[in-house]
Amino acid sequence: MTALQASTPWRKTASLLARLGLTGRMLVIAVPMLWLLVFFLVPFLVVLKISVAEPMIARPPYSPLFVDGSIQATLGNYAYLWEDSLYINAYWSSIKIAFFSTVLALLIGYPMSYYIARSPELKRSLLLLLIVLPFWTSFLLRVYAWIGILKTKGVLNAMLMKIGLINEPLIIMQTDIAVYIGIVYTYLPFMILPLYANLVKLDDSLLEASADLGARPISTFFRITIPLSMPGIVAGSMLVFIPAIGEFVIPALLGGPDTLMIGKVLWTEFFSNRDWPVASAVAIAMLVLLVIPVMLLRLAQSKGAET
Amino acid sequence: MKRGLFLPIVSFIGFLFLYIPIVSLVIFSFNKSKLVTVWGGWSTKWYGELLNDPQILGAAWISLKIGVVSATLATVLGTIAAMVLTRFGRVRGRGLLTGMVTAPLVMPEVITGLSLLLLFVAMEAAFGWPAGRGMLTIIIAHTTFCMAYVAVVVQSRLVDMDDSIEEAASDLGAKPMRVFFDITLPMIAPALISGWLLSFTLSLDDLVIASFVSGPGASTLPMVIFSKVRLGVTPEINALATLIVAVVAIGITISWFFMRKQVKK
Chain U
23 MTALQASTPW RKTASLLARL GLTGRMLVIA VPMLWLLVFF LVPFLVVLKI SVAEPMIARP
83 PYSPLFVDGS IQATLGNYAY LWEDSLYINA YWSSIKIAFF STVLALLIGY PMSYYIARSP
143 ELKRSLLLLL IVLPFWTSFL LRVYAWIGIL KTKGVLNAML MKIGLINEPL IIMQTDIAVY
203 IGIVYTYLPF MILPLYANLV KLDDSLLEAS ADLGARPIST FFRITIPLSM PGIVAGSMLV
263 FIPAIGEFVI PALLGGPDTL MIGKVLWTEF FSNRDWPVAS AVAIAMLVLL VIPVMLLRLA
323 QSKGAET
Chain B
-4 MKRGLFLPIV SFIGFLFLYI PIVSLVIFSF NKSKLVTVWG GWSTKWYGEL LNDPQILGAA
56 WISLKIGVVS ATLATVLGTI AAMVLTRFGR VRGRGLLTGM VTAPLVMPEV ITGLSLLLLF
116 VAMEAAFGWP AGRGMLTIII AHTTFCMAYV AVVVQSRLVD MDDSIEEAAS DLGAKPMRVF
176 FDITLPMIAP ALISGWLLSF TLSLDDLVIA SFVSGPGAST LPMVIFSKVR LGVTPEINAL
236 ATLIVAVVAI GITISWFFMR KQVKK
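Residue numbers (the working numbering), protein chains in the order written: chain U, 23 to 329; chain B, -4 to 260.
Be aware that a few hints might be false.
[As the list claims (entries may be wrong)] Now the stretches of chain B that chain U is said to cover, found in silico as 3 or more residues with beta-carbon under 8 angstroms: (1) 13 to 25; (2) 48 to 56; (3) 90 to 97; (4) 134 to 147; (5) 151 to 161; (6) 215 to 226; (7) 234 to 240.
Worth flagging that the hints you see were computed from the coordinates, not collected in a lab. Predicted model only: the values in this text are computed from it and were never measured. The beta carbon of each residue, even a glycine, is placed where N, CA and C say it ideally should be.
Construct the complete structure from the given sequences, taking the supplied hints into account.
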């Protein structure tokens, strides 16, 4: 009975909406669409707007876009990014750090993925679990763990000095080396999983055929295995490179004052300098110069995979 | 024989690399001494201090609440988005929705955080909502970036799934809503669970976005950890990490046995 009673106003609303040209189907589409429009797309327009404003000592700390009906926009913040070498250096340094971290992760991740993919089934699922497991524990705490290991009086130096390999402690903390270690460590699973998914499908008969035709293992590897696993290599590298570029936590905790990464620069601009317009301009520049090229690349890649 | 040893050795070193930090966190959480390299004997005093630290406990409670609410919202919204993208055929705005669902996955956290904060500030100035920043704004931010992950997980499940059962149900006269709740939902339930868990972990772990959109009074656990850790190694945080590792290890082991049982069936 209650179901019937409840359904009457519901049906009335439905027919009313249908008369307005709105169907249930459209409502279903509208829910995620509106959410993402309001909380994902519109924010970028706000950032764009603030990036052409002047910083002001006010609440909120930037000048309004419309003053007495006319538009007050300035490209001064962008000019500032171009003139002050800090931002361009940070941009290049982010790309450099992300690139070499990706290469390192590939060099470590490829043999590991190959080994896992060639293991017997029970061992394989256990090893995969070991790869995924760290991901479920706090990322922040795992990065923090490296401070204890790498610092001057840390575990690594104590061990190396005990076995007599070094006499003076190595200075690793607060250098770029620590940042590389942190990034490779954090994103290694992201490299391994797509590589594994690709390598596990590798057809053994191709490797056998290559060996039967007289190819040495090393040339089989470079001429058969690597080209066939290229989609895995590309997917894994993207999954490491993209988040590494905007990384904030790793350079903030493990890097030193002269470790330049664009994510850290944006953070400082916003939280320490409280310059919202410049922080917005950094965000827009980062979006145009990094995120959009990467997205186009991914789009081209997925189109290529379809055909 | 050299080749036969290369892979196991490299993999072994790789696994050591992945686990040494976690193991060292756990070991030093039981260290009596406050100094990391000085072993002062076994002690559980840091656990005692952790459990008596109102700042950490309060932040943990806030983080758990935010995690549960945003993971749930993200699962609902992400599932709807995945349904629209896989089952609705060609609808207007499909391209836009695809773009908006995949973009958060490649967006640097600092940009997401900054843009959402600026939106909240502008919205408050324009129509007074959300009034101030705190748990509500963090929940909205987390829901937005987590729903993208849920959509990807659910979408891949929907693509793999045989849709003839759904077709059969609608041929037999079931309304779309009925088909969804009676047929589709039970079949994609595992994807929803993993999507929820993924969102929950992402929300619990997020420092950058929460720092941007949070206000005074709503410090999440990662924010408190970050402010403590910046000043150096704190054994209390090691104890907290050990507890988290223990919970995750137990959870994963249980689900692994569960999954193996199901596979055997």
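Query raised in the report: Checked against the structure, which of the hints given earlier come out wrong?
Result: 2, 5
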